[in-house]
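Q: Please construct the entire structure, taking both the sequences and the accompanying hints into account.
Residues in the sequence shown are numbered consecutively from 40, following the working numbering.
There may be inaccurate statements among the hints.
[As the list claims (entries may be wrong)] DSBU-like cross-link-like pairs, simulated, lysine-lysine; straight-line CA separation at most 30 angstroms:
| # | residue 1 | residue 2 |
| --- | --- | --- |
| 1 | K129 | K53 |
| 2 | K129 | K304 |
| 3 | K53 | K304 |
[Unchecked claim] Derived DEER-like restraints, expressed as beta-carbon distance ranges:
| # | residue 1 | residue 2 | range |
| --- | --- | --- | --- |
| 4 | R240 | Q273 | 40 to 48 angstroms |
| 5 | L264 | D80 | 24 to 32 angstroms |
| 6 | R128 | G331 | 50 to 58 angstroms |
| 7 | G268 | R359 | 45 to 53 angstroms |
Just so you know, the hints here were simulated from the structure itself, not pulled from any lab data. Where is the CB? At the ideal position from N, CA and C, for every residue including glycine.
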Amino acid sequence: MTNASTQIVPDASKVMMGATLAWVAVLIYASSNSLVSLLADIGSQNLVMGRNVITYCNLLFVGSLMSMVPMVFMFWRDWTFENLRALTRKNWAILTLSAFFSSALTPGLFFYALEHTTVTNVVLMGRIEPPLFLLAAWLVLREEFEPWAFVAGLVALCGAAVMILMNSEGTSLNLGKGEIGALLATLSYIASTLIARTGLRDIPMGIFAIYRTAVGTTVYFFVALYLFGPNHFQDVFDPVVWQWVWIYAVVVIMGGQFAWAFGLKYARSGDVSLATSFSPLAAILIAMVMLGEDPGPGLIPGGAIILLAVGIGQYGRLRRRRREDDTMRKQAQERALEHEGAVNFKGV
Numbered sequence: 040m041t042n043a044s045t046q047i048v049p050d051a052s053k054v055m056m057g058a059t060l061a062w063v064a065v066l067i068y069a070s071s072n073s074l075v076s077l078l079a080d081i082g083s084q085n086l087v088m089g090r091n092v093i094t095y096c097n098l099l100f101v102g103s104l105m106s107m108v109p110m111v112f113m114f115w116r117d118w119t120f121e122n123l124r125a126l127t128r129k130n131w132a133i134l135t136l137s138a139f140f141s142s143a144l145t146p147g148l149f150f151y152a153l154e155h156t157t158v159t160n161v162v163l164m165g166r167i168e169p170p171l172f173l174l175a176a177w178l179v180l181r182e183e184f185e186p187w188a189f190v191a192g193l194v195a196l197c198g199a200a201v202m203i204l205m206n207s208e209g210t211s212l213n214l215g216k217g218e219i220g221a222l223l224a225t226l227s228y229i230a231s232t233l234i235a236r237t238g239l240r241d242i243p244m245g246i247f248a249i250y251r252t253a254v255g256t257t258v259y260f261f262v263a264l265y266l267f268g269p270n271h272f273q274d275v276f277d278p279v280v281w282q283w284v285w286i287y288a289v290v291v292i293m294g295g296q297f298a299w300a301f302g303l304k305y306a307r308s309g310d311v312s313l314a315t316s317f318s319p320l321a322a323i324l325i326a327m328v329m330l331g332e333d334p335g336p337g338l339i340p341g342g343a344i345i346l347l348a349v350g351i352g353q354y355g356r357l358r359r360r361r362r363e364d365d366t367m368r369k370q371a372q373e374r375a376l377e378h379e380g381a382v383n384f385k386g387v
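A: Set out below in structure tokens:
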């Protein structure tokens with residue numbers, strides 16, 4: 040564990056950049072379901088021997104492979120002998136755990152959840168993530184606990200619950216296998232995020248991004264073969280897949296991963312939690328634009344509550360900023376008084 044006193048605190052511009060990129064990543068990931076749906080529709084219109092070859096597994100696997108090319112081009116300078124030699128066993132363990140959690144365990148648990156319950160219930164269970172992430176960052180990483188961001192996360196969770204339950208046509212949320220799987224997937228996602236925040240402090244971005252993608256893709260490939268059978272990736276090299284998968288690779292995997300990684304590196308935990316709180320509303324609005332979906336009667340009340348959560352989080356950020364500015368002014372005044380007392384003769 041890293042104590043707060045030993046953490047490297049980025050300057051204000053980097054914190055702002057990290058918060059902005061966290062929001063960009065959340066918007067990209069919120070659009071991923073709609074984008075995958077569009078690509079799946081394209082696949083259904085271009086069947087190969089009666090099969091839709093543009094599956095989620097094919098998109099994720101091929102997209103990850105394609106994203107390795109620009110990663111190597113952008114980050115090859117980080118793969119120096121000096122940087123690799125500087126990495127400790129702990130660093131390599133962090134890299135491997137991050138790859139396993141983010142690219143194998145978390146998506147596997149989400150697939151399991153979707154097989155045993157509805158998508159709305161999975162989304163609802165996932166809204167537990169923002170407040171739990173704040174608590175985990177405080178307990179595990181010893182980061183400062185931000186109460187306003189925590190309250191904002193809870194309010195956003197209530198907004199998502201209102202939005203989903205009002206659109207469920209009277210069905211109730213039962214804690215079955217799917218809901219437990221979604222909860223475990225959320226916990227796995229939190230673990231991967233904490234590992235990433237820990238690893239990015241000491242590991243160059245290029246090594247982190249390339250190693251995690253390569254190892255995660257490899258682990259995901261063998262896990263999918265074990266779970267779904269040896270013919271699961273039989274259509275992975277079909278031209279239809281490669282004709283369209285670059286859209287998913289560029290927008291979701293490359294754009295989302297880079298924005299999220301830099302966001303985790305520089306943003307405060309409260310900024311990350313606030314951005315993820317907006318995810319369900321963003322996903323619905325994007326689906327309305329891209330797919331023409333009807334959000335149902337829960338959009339206005341649930342969306343209003345989520346916007347209230349965003350406002351609460353923003354208010355907390357402004358309070359924190361004013362408090363930090365006041366502290367800096369007081370410290371400057373104290374230093375000025377110390378210098379004043381240290382100089383006896385002032386020329387008059």
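Q: Please name the hints from earlier in the document that this structure breaks, with their numbers sorted from lowest to highest.
A: none
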